Amino acid sequence: MTNDPLLSVRNLRVSLPTLTGPADVIRDLSFSVKSGETLGIVGESGCGKSMTALAVLGMLPEGAETQGQIAFSGHDNLLTMNDRELQRLRGNRMALIFQEPMSALNPVHTIGRQMMEPLTLHLKLSREDAFARAVELLDRVGLPFPEARMKQYPHQLSGGQRQRVLIAMALACDPDLLIADEPTTALDATVKNQILDLIAGLVAERNMALILISHDLAIVQKATRQMMVMYGGDVVERGPTADILAQPAHPYTIGLLGARPDPSKVLGLGGGKRPRLATIPGTVPDLQDLPAGCRFFGRCDRGDEQCGARPALTPALNDPAHLAACVHMAGTGASS
Amino acid sequence: MTGVPLLDIRDVHKIYPLPRQKLLSAPEENHAVQGVSLTVQRGQTMGIVGESGSGKSTLARLAMALEKPSSGEVWFDGTNLTALSADAIRPLRPQFQMVFQDPFSSLNPRMQVASIIAEPLLRMKEISATERQDRVAEMVDAVGLRPGDLKKYPHEFSGGQRQRIAIARAIVTRPALVVADEPVSALDVSVQAQILNLFMDLQDRYGLAYFFISHDLGVVATLADHVMVMQRGKVVERGTVADIFRSPQQDYTKDLLAAAVV
Chain A
89 MTNDPLLSVR NLRVSLPTLT GPADVIRDLS FSVKSGETLG IVGESGCGKS
139 MTALAVLGML PEGAETQGQI AFSGHDNLLT MNDRELQRLR GNRMALIFQE
189 PMSALNPVHT IGRQMMEPLT LHLKLSREDA FARAVELLDR VGLPFPEARM
239 KQYPHQLSGG QRQRVLIAMA LACDPDLLIA DEPTTALDAT VKNQILDLIA
289 GLVAERNMAL ILISHDLAIV QKATRQMMVM YGGDVVERGP TADILAQPAH
339 PYTIGLLGAR PDPSKVLGLG GGKRPRLATI PGTVPDLQDL PAGCRFFGRC
389 DRGDEQCGAR PALTPALNDP AHLAACVHMA GTGASS
Chain B
744 MTGVPLLDIR DVHKIYPLPR QKLLSAPEEN HAVQGVSLTV QRGQTMGIVG
794 ESGSGKSTLA RLAMALEKPS SGEVWFDGTN LTALSADAIR PLRPQFQMVF
844 QDPFSSLNPR MQVASIIAEP LLRMKEISAT ERQDRVAEMV DAVGLRPGDL
894 KKYPHEFSGG QRQRIAIARA IVTRPALVVA DEPVSALDVS VQAQILNLFM
944 DLQDRYGLAY FFISHDLGVV ATLADHVMVM QRGKVVERGT VADIFRSPQQ
994 DYTKDLLAAA VV
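Going down the list, the protein sequences come from chains A and B. With the first letter of the first sequence counted as 1, position 92 gets the number 180 in our numbering; the numbers rise by one all the way through. With the first letter of the second sequence counted as 1, position 193 gets the number 936 in our numbering; the numbers rise by one all the way through.
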């Protein structure tokens, strides 16, 4: 067990073609994850969180331009590797759990066939060994009657069961890095907790690194130790999950936390007018129309001429582990 | 608050037939709603919480008289809707309107925003063309759209803006009751907050009653007066927002509560 990061992203830039020329969906992103670490990436649609995952997996859409470096487990730069080499890593050393458990499974193939495919492909197991290992994996993710499930089709399982199958498939080759993109969004609240517990348990048991992408702060709080908040293709805040949620420093993070409907805020209030939720004015800017400096400029009540330059990540609240990219952080009052 | 409740649902059941498992086996049934009773008073909000399959959307369709209950009755403002034919219900529909979850599929992509919002008024013969235009203009302002948006098509808007259009269409007839089925579930957190505030503003302005359905207890707590928790077609818990949150009685409610809090 070395202390080197398993995944190290340096100065990553991703631009996509638009009608008015290329637009940076990620500009200058750097972060790293070690084995056994859990990193949450939080943000709203269009902030670049899923693009980050796709860049790491080498699955960016056609026409995407990249710069920078993604080093992973002894490989110098994934961005310069060809499809064949990447394919050998995907599903094998790194695995992805998608949001939508219905569309991620092939409806015309049995669970067994889909479970065995990575095992015969990457691990070169025989059919008998692959079958036994698949049953073992389905059992490990808590699916009852795993042998009978092998013969079933995806439509015969519930949403939670399908998500368990996808997790089992992602684990099939014992990956070093697990990327989960909104893994519980399509699931009910009670099932959500079971799936999160399952992922957290497996990550700890196998000393995997986990990148959990979600818009839902509650699940990031539950399943990750570190988090970063993205907005308009930039990381605007990063640090220990508990610290950021307790004392957010960036105006966007503060807005995001304030906008959450929180039952405790409305309790103890008598009749009369209901309190309104705090809102962030405006909407996420269009890709073709991103501000040049701070991307949150225009929706931020602290914005002024200093925001015209891109702010660097600097320590927030005198904590070297907790960084935020805002020139107006001093005296935020977030610590009151 | 005495008198006739605005919406009075009395012991409704809804049973859907399922296909036979085998050729000769008896057809099975899905008992989607099992004996639910509730009332909603004018200007009040009833929040319904539950997971998929709990019967909450079926209950919404029953409340809107889009389906007939298998047994039980749905009364709206002193009228038994269950006893009326579809033709007899139609003139009453302007008084209860619905907002759906998905702002992408609930708006006709070929219609301009002005026509979408005006459509429910076309059936109301007492409303003249000029009054129709005035009402549409008022609604656009009330839901926070711009007059310039009237000539646009749904695809030109974000999810939050589309939900504003859907809300404008629902309240343009000046209904007493709006049934909203997961109206903010497809939206980002910051947009969700804007739309929830809009629901509260419109309630203050027009005295609307809401029948508001969500899987998220936090969302329901923000705007409901009373909450009903549904599980597998039955009401497992009901009370004021404060009751439910201070001392949830059922494990199921506690689970939902745990999922809603950071």
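Among the clues, some could well be false.
Away from chain A, derived, C-beta distances all over 10 Å, residues of chain B [as the list claims (entries may be wrong)]: (1) Gln764; (2) Ala831; (3) Pro834; (4) Leu939.
What the simulated footprint calls covered on chain A by chain B, stretch by stretch (three residues with Cβ under 8 Å from a Cβ of chain B suffice, anywhere in the stretch; the number is not a length) [said to hold, decoys possible]: (5) 265–278; (6) 363–369.
Calculated from the structure, these hints are not laboratory results. Please read all numbers here as calculations on a predicted model, not as lab measurements. Even for Gly, the Cβ is constructed at its ideal location relative to N, Cα and C.
Each hint, compared with the structure:
The claim that B:Gln764 lies off the interface holds: its Cβ sits roughly 12 Å from the closest Cβ of chain A, which is beyond the 10 Å cut-off. The beta carbon of B:Ala831 sits about 36 Å from the closest Cβ of chain A, which is more than 10 Å, so the claim that it is off the interface holds. With 10 Å as the threshold on Cβ separation, the claim that B:Pro834 sits away from chain A holds: the shortest Cβ distance comes to roughly 33 Å. At roughly 6 Å, the least C-beta separation between B:Leu939 and chain A is not larger than 10 Å, which violates its mark as non-interface.
Coverage of the region 265–278 of chain A by chain B holds [criterion: at least 3 residues with CB-CB distance below 8 Å; count 3]. With a threshold of 8 Å between beta carbons, the proposed coverage of the region 363–369 of chain A by chain B holds, since 5 of its residues qualify and at least three are required.
Against the hints set out earlier in the document, a violation occurs for number 4 only.
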